[in-house]
Amino acid sequence: MGLGINYLVIDDDMMAMLPETLDSRMSWDAVQDEFGSTEVIFIAFGNKGRTVYSSELFALLWDLTKALENVNQVEKVSCITTISKIDSEDGFMEISDLQPARDLNPPQIEKIKEYLNNNPTIKKRAVSESEEYLNIMVQPYEDIPHDIMRDVVVAIGDSILSADYEIHYGGTAYITGSVPTMIRNDITILLRVGLFIMAIVLMVNLRNPFTVIMVFSVIIQSLVVMAGFMGWMVFITGSERFYFTIVNSSMPIILLTIANSDGVHFVAKFFKEMRNKKDTKKSVEATMDTLLVPIFLTSLTTMAAFLSLSFAPIKQLMGYGICISVGIAHAFVLSSTFLPAAISLKKWDMNSKAVTRPSIFESLITYFGKTVSTNPKSILGSGVFIATAGIIGLLYLKVDVNIASFFRQGTEFRNSIDFIDQEMTGTMDIRVRLEGSMKNPRTLNEIVNLQDMLENNKKVTTSFSIADVVKQMHRVVMDDDPDFETIPEDQGKVNNLFSMYSMSGDPEDFSAMVDYEYSVGLVTALSRVMSTEEIISIVDEIEEYVGNLKSVGSASVTGMAVVIRDLVYLVVQSSVISIVMSVILIGLITSLFFKRIAWGMMAIIPLSVAVVINFGFMGLAGIHLSHVTALLASVIIGVGVDFAIHYISQFRRLSKISENNALTNDVIEDVGYPIILDSASNMSFGALLFSAFIPVQYMGGLMVFAMISTSIGTLTFLAAMAELLKHNLSER
Amino acid sequence: MKVKNIFIVIIGISIVFGQSGYEITKTLDEKDKPKNMISKTTMVLTNSKGKTRNSVMISKTMDNSRRQLIWFLEPKDDKGVSFLKIEHDDRDDEMRIWLPAFKRVRRISASKKADSFMGSDLSYEDMTSRSLDENEYKRLDNETVNGRECFVIEVTPNASLKSSYSKHKIWIVKDDLYIIKEESYDKRDKLKKEKSFSYIKIDDYDIMSKISVKDVQKDHKTDISFEQVKVDTDMSEKIFQEKSLKRLPSH
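Chains A and B supply the protein sequences, listed in that same order.
So in our numbering, the last one in the first sequence is 734, and the numbering has no gaps at all.
So in our numbering, the last one in the second sequence is 266, and the numbering has no gaps at all.
None of these hints come from the bench; they were simulated from the model.
Be careful, since some hints might not be right.
The list that follows gives simulated cross-link-like pairs (lysine-lysine, DSS-like), each with its CA atoms no further than 27 Å apart [as the list claims (entries may be wrong)]:
id	chain 1	residue 1	chain 2	residue 2
1	B	K48	B	K202
2	B	K94	A	K68
3	A	K441	B	K94
4	A	K68	B	K48
5	B	K94	A	K473
6	B	K66	A	K78
7	B	K258	A	K495
8	B	K229	A	K495
9	A	K68	B	K182
10	B	K153	B	K46
11	A	K68	B	K233
12	A	K78	B	K48
13	B	K210	B	K258
14	A	K441	A	K400
Chain B with its partners taken away, still in its complex shape:
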């Protein structure tokens, strides 16, 4: 226990004094994360004219969301539709969708990383975990957001990543080490998206409870909230396969 406390103090001191952008992001990346997670997710999309679309889904994720299963409960039009995504390092990600009315599973392509997920302002690239070594990090001056002091880091994707963004700016809360705010810039270096994040503490994990994304160029907004969150369940890796799509889980 004592050793752990000493370790935290050392980390804390090194954070405060002169850590580079890379080091801060690495520390953030190495934070403990749940092995798996189940949640009921509500997504509200709002367009520039204030019209909204609501979706409710059950989501099961594993390996830091590299494996993901989503079943749609609402709206009525989408009920029964389900989606499976498995990320691979060495090949294209696998994405399958169950279309209950056709009684067919279709594989869908993920060739366009900038495509939006379910009409939201989150693209597949936004939802994919950023690999530390595929970006460059530049630490900027600290700022205060919502009364909390934050590290500010500019993240520039390497050319090999073929990102749809030129850079991101992230605000990391100094005390708890989680991202509270992010700005993403398009290839012309114009602000494209503003994101803000809220967290709750579950089993010592900082779990995202709300995400708000605004595409400032389209004036379109997405609010996602995660409820009934369960972490580190007895979920098996085996459920991330095609046949699971057809069975709507009882949450």
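Extracted from the complex, chain A is given alone in its bound form:
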């Protein structure tokens, strides 16, 4: 199965997460098809305090442009070197290169400066506001993965631009090409740290290296099987659902915690049995007798919870659910076959500390048991209070999936994005695709008004469309009179302007603004980084505006801003669907398995409370829900249900033999230790708190929080409920 890893496909395309039937996705696809890739990389270079209007800088710009144009992955390079100028020269309508040669003399540089000053829309895209930096926009071919594109562009940029210049990279292709890999690398390093801490926690408590190695062996084999299965599914089905995307980044951590749970429960129980029975075979048998059913049930419910992701609108979550379920099933198989077999084969020293003495956590558990059995009402009351606070916190929960905000201010990557944002046109793009005759003056005037509306937003730095070109050509034809920088009043004139351009210029120059048949136009607005709330607001505003356009057949808004807005909705929708479906499925399975609805309810109530508390805490702490942090719900459900089922199983088993008064105490003493040990070892993923990425940091913090809320919740809230209802729930 592990060989399937060779077929694993890593896909960093955020667009792939959007369903193909979604309006903005269809519009995005249409735009890419008609106008080429809209995800670009910006390169800004220059020096603070030095003007860009120097022959040295223009020569470098020329060299860089030519080098980029020679690369197979690059479709188009837009900068002063490639811009065609439309000018009225001594009565001639001239379309020529804005930068006529590599090496320019002062009058030629002065001419470029003059042209840019007369055409501020073009200038904004080519030169920084302070005139200290030049900007290059690199458009990749549509099918080029952004990580490859990013590497190519950065390698060329760094090799041509000497250390004497500041270089800044930005743009959506750069960010989406860099971030997922950086996140994965970051998680990989911190995961190793987490695993190391986990090993120490397990070692301190189990006090036996062999069992720690065995637990790790279960974890690693499960991870290999999950990744291999994912690869095989890609190989067999070819479906993008099984691609490893940024949402899948949490898969290894989640499976790790679940596989760890199975192993820890088994080993902890084994040592407890060994302490009494002093016989390996009998202890393994007793452990299997007690744990086989609950581990099977926890695996089944957790798999059901993850398979419920198939109902989520983000299609990669289906692959996520299926593949992690295979990993969970494998962890169950290993915990019930490989682990007992390995333990049985080892010769145990009956006088070792691991066998004879309880660990630190076991001693703590006794305290728990007594507290719960004596104060069930207070504990339940406290739980209800915390849950209420969680519900209030939910009202403050905000969603943010903007990758640019993944970095803390001051980090090198964030500085580069901020530079492009503040000095240049900005990183975010909004595209409005309009169907209708792009030669009709009414349509063109509506486009002009739309651009005015877009530029009224403070975050929007510039916008451009075919209407700008028509206005410019009109002015040139009318002897460069600025009064004629307007859309001509009749279509015949617009037609003539395009005919004139085609005689002297390359109509391909318009390919980013109008389609081949002049029946579809694209308005592009560039903006500085916006918060998700700002994005939602502006996109809604634009959609309302374009909906009222009269001479346009149909209009749709797309671009990275819209993708982010739709991802927000999808993330929320996916989270809600997966939580609700998981809870229902877990409730049903446990009810059926334990043959009582009450047990089903008992399993899901603490779980739901933990989810509410977790998301409520995120709301109160100002932690945003993103496509990375949203999956924390899965950890809570996956691990939380394990704890609840172990508790319920032991409760049912012990209720047949224990005294009613000692029942809760006995159950907690029995399952409390593995739950706390499992939880404490999983908390080692708090190492993610040291990540350079904000969502990963949050994930680390939330992992710790989730472990505390689920383990303590089980041993207090669920235990208190069971204590209060023990007369009804007892199996005696």
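Chain B: place on chain A using the hints.
Just chain B now, kept in the frame of chain A:
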């Protein structure tokens, strides 16, 4: 008559045996050409996605197309637009366009030889006659194209020409001495354009009836066909002036 036949035989023998690339091209260049020509031209542009643009125009040319007048009939958007081009040896070419909706004639610049003509895959450089002495010629091995044996010559523009191409490869039909195929390479020596040509015989002239050009880098294609071709008419040189642009001729 006899002398002419002997001359053809001599030319033929010298062509077959050991003519250099330059000599073959010179012979081609010296072939009889009509003094002037009128035609109805249809141009179909096809982009990489299969979308097309069609134009129909009337064209009058003189001096091996060094003087050219074009009136657009179709598409409807371009109807009435006309174009005048006069090539000069000692200065920039003259190009003027009549914009009927503005009722203005505008002079347009020809500073970029690589610019495409009317959005086609033919640039102004492609449409300008190649001067023999501004290129170098290297004869390659003969090849057969469409069942016809061809001379293959590599044409390299001199640096002084400031061409947008590094070289061309041309296939000249051995029997009839006309170019049937051409490949043009960009400055990086990568194939840029593939051109193929068809001819009809009118009044002993080999007149181009179809041109097909494909820009392999842009995956864009241009098909031009010439119909209702008339050669050696009583066309006067005087028509190649600005005022002719405003009058659409009845063809």
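Tested hints:
For the given pair, B:K48 sits about 31 Å from B:K202 by alpha-carbon distance, which is inconsistent with the 27 Å threshold. Taking the CA atoms of B:K94 and A:K68, the gap is near 39 Å; set against the 27 Å cutoff, the hint is violated. With a C-alpha separation of about 15 Å, the suggested pairing of A:K441 with B:K94 holds against the 27 Å cut-off. Taken as a hint, the A:K68 and B:K48 pair is broken in the structure, with Cα atoms around 41 Å apart against an allowance of 27 Å.
For the hint pairing B:K94 with A:K473, the CA-to-CA distance comes to about 22 Å; that is within 27 Å, so the pair holds. The straight-line distance between the Cα atoms of B:K66 and A:K78 is roughly 21 Å, inside the 27 Å bound, and the hint therefore holds. Taking the CA atoms of B:K258 and A:K495, the gap is about 20 Å. The hint holds against a cut of 27 Å. A C-alpha spacing of about 31 Å is found between B:K229 and A:K495, which places the hinted pair above 27 Å, so the restraint is violated.
Of the supplied pair hints, the one linking A:K68 and B:K182 holds, its CA atoms being roughly 20 Å apart against a limit of 27 Å. Taking the CA atoms of B:K153 and B:K46, the gap is about 20 Å. The hint holds against a cut of 27 Å. As the CA atoms of A:K68 and B:K233 are separated by approximately 17 Å, the hinted pair is consistent with the 27 Å bound. Taken as a hint, the A:K78 and B:K48 pair is broken in the structure, with Cα atoms around 42 Å apart against an allowance of 27 Å.
Taken as a hint, the B:K210 and B:K258 pair is broken in the structure, with Cα atoms around 34 Å apart against an allowance of 27 Å. Between the alpha carbons of A:K441 and A:K400 the distance comes to roughly 44 Å, so the proposed pair goes past 27 Å and is violated.
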